[in-house]
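Given the coordinates of chain A, work out where chain B should sit on it, guided by the hints.
2 protein chains.
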Amino acid sequence: MKKFMNSVDDILDESLRGFVLAHEDLVVLHTGPTYVSRLGAPARGKVALVSGGGSGHEPLHAGFVGYGMLDAACPGQVFTSPTPGQMLEAAQAVDGGSGVLFIVKNFAGDVMNFEMAAEMYASEQATILVNDDVATDDESLRRGVAGTLVVEKIVGGAAQAGASLAECHALGVQVNQRTRSMGVALTSCTVPAVGKPTFDIGEDEMEMGVGIHGEKGRRREKLAPADDIARQMVAAIIEDLKPASGGQALLLVNGFGGTPLMELTLMYDAARRSLGGTGVEVVRSLVGNYVTSLDMAGCSFTLSLLDDEMLRYWDAPVHTPALRWGR
Amino acid sequence: MKKFMNSVDDILDESLRGFVLAHEDLVVLHTGPTYVSRLGAPARGKVALVSGGGSGHEPLHAGFVGYGMLDAACPGQVFTSPTPGQMLEAAQAVDGGSGVLFIVKNFAGDVMNFEMAAEMYASEQATILVNDDVATDDESLRRGVAGTLVVEKIVGGAAQAGASLAECHALGVQVNQRTRSMGVALTSCTVPAVGKPTFDIGEDEMEMGVGIHGEKGRRREKLAPADDIARQMVAAIIEDLKPASGGQALLLVNGFGGTPLMELTLMYDAARRSLGGTGVEVVRSLVGNYVTSLDMAGCSFTLSLLDDEMLRYWDAPVHTPALRWGR
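Chains as they are written, first to last, in my numbering: chain A, 4 to 330; chain B, 4 to 330.
Isolated chain A, as found in the complex (with noise of 0.2 Å):
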């Protein structure tokens, strides 16, 4: 395992210590339990969003944390659940009198915990669950992946627009269910406390459908050439999300950590063209490494539909470590 580290201990109070030092102008690191707010937080009469679960796959969700986006953030250990603890804590320390919204990615972990964190939660909350990996065909068993950041994004200019709990959360619940994402790994990860790679893959192989903490995808294939691996990626999303022709689409191509800006471009590239003749049609992009599996080499495709509503939210000004515009 070659890894920039101290020791696997510890690992996440340093990178989050790092983090936070390098933001100090948007963001603040709480311990016992831990969490990142956002800076003068809670904002007052803004409902607060609050999410957070395993280390591991930054800048998700802390990264995420500022004006226009989350209001806090609770990283558990490396691909493990934070704690209720943690959830309630944050919870409360943001709420600014309007309301906490979780938004929670769909592993059972996460589920369960901030589940127990939303019912010891004494003020008005709600929870937006996402799911919008498609490599799974069980609908309930939907990993919530980079989609994430689409909900994120949107419903927190929602809430800094002034939107109520029960508008941020029906606008979230929407988002979800009009995103759907699809990854492909070159490489594994190695978790720290592991020390070695969480799968074996050959020199000429790829696993098509991996989760974000290296779960087994839909199969394992001969490495293809990026156009046939895009069009498979697209073609699993639009079978799944059967968008109506003439949709206007944001378009996320995601890296996994491990995976350099040049591949994720021309992976991009392949990608618009894979959608050529589905009727959708591109009108914002994303480029980058935003929801990681640690230093695995690959990539995921998200595609959300989005109304004129929410495009305006997507535009709204951001400010935060890992996205920043129109302020």
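Heads up, some of the hints might be wrong.
In this list, chains with the same sequence are indistinguishable; a pair is considered to hold if it fits within one copy or across any two.
The calculated lysine-lysine pairs, modelled on DSSO-like cross-linking and capped at a C-alpha distance of 30 Å, are [claimed, not checked]: (1) K6 to K219; (2) K219 to K245; (3) K219 to K199; (4) K245 to K225; (5) K225 to K199; (6) K6 to K225; (7) K199 to K6.
Calculated directly from the structure, the hints in this document are not laboratory data.
Just chain B, lined up with the frame of chain A:
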């Protein structure tokens, strides 16, 4: 070699096409010869900044084209200098009547070709040579690495604010003199046309002082804890930069493409601790993959001692694919 690609010959064209397609609100792609220009260029009355170099370092340079930074970037093939023809065409296209400033990394091919372009250029022009890498003792051989970003941002801010060609040139020369970088690799990169890693490196080794093309560093060493690596890199920079006590600095922790953000923020934390006692006060930070080496795992530290004017230009609005704030 595991890369997202269709064929080695098409990598650059396809990744550039995808890059520009994803950022068509900011940049325009020209072919025959190839360069990327700022949408709406030339900007009348503004000094035009033109940079470029081999590809494989994305987002450098094309990712820094836009408001408040570069007016054009000339990408060569992977790790190969662009031609004088590309530079000349780009310069002519973006010259707004106030002259062209070439920003050149100190590599023999880049220097030679930019010199040729400058000689052939009929209008007012000047060149800034960036050579921030302290890994090489011989100053004439010092490579231009991640510090190039700092020069491009600060001079870009000055040009946007209306500084003259002579002022932009003098400022860039000063910023370069106040900027030092040092890098370390955990793995080699793989050049697509070669198909195998540039260098062999053991599972327990690192290459201290590596260049951004996988050039040999100061020495091959046993892989060390993050704090030891950070101490070595900071020491190399400080020895060379000899900062006065109380100096204000920008600290950039830059990933080489294959290292995830979690490790980069951990290294940022280590760098900050290593800077304790040097008298340098870190007042600005940037952490991420900005000047990469294809898929190489590793990172570099860049320290820039900035005066108040330079800090103002660093903070000035920038609106490019890879750096965006304040607007």
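Hint check results:
Both within a single protomer and between protomers do K6 and K219 lie at most 30 Å apart by alpha-carbon distance, with minima of 23 Å and 20 Å respectively. Proximity of K219 and K245 under a CA criterion of 30 Å is satisfied intra-copy only: 25 Å inside one chain copy versus 52 Å between copies. In this assembly of identical chains, K219 and K199 lie within 30 Å of each other by CA distance both inside one copy and across copies; the values are 16 Å within and 27 Å between. For the identical chains of this complex, K245 and K225 are intra-copy neighbours only, at 28 Å inside a copy versus 53 Å across copies, given an alpha-carbon limit of 30 Å.
Taking identical chains as interchangeable, the C-alpha atoms of K225 and K199 lie at most 30 Å apart whether they share a chain (23 Å) or sit on different chains (19 Å). With identical chains, the CA atoms of K6 and K225 are at most 30 Å apart both within one copy (28 Å) and between copies (13 Å). In this assembly of identical chains, K199 and K6 lie within 30 Å of each other by CA distance both inside one copy and across copies; the values are 11 Å within and 22 Å between.
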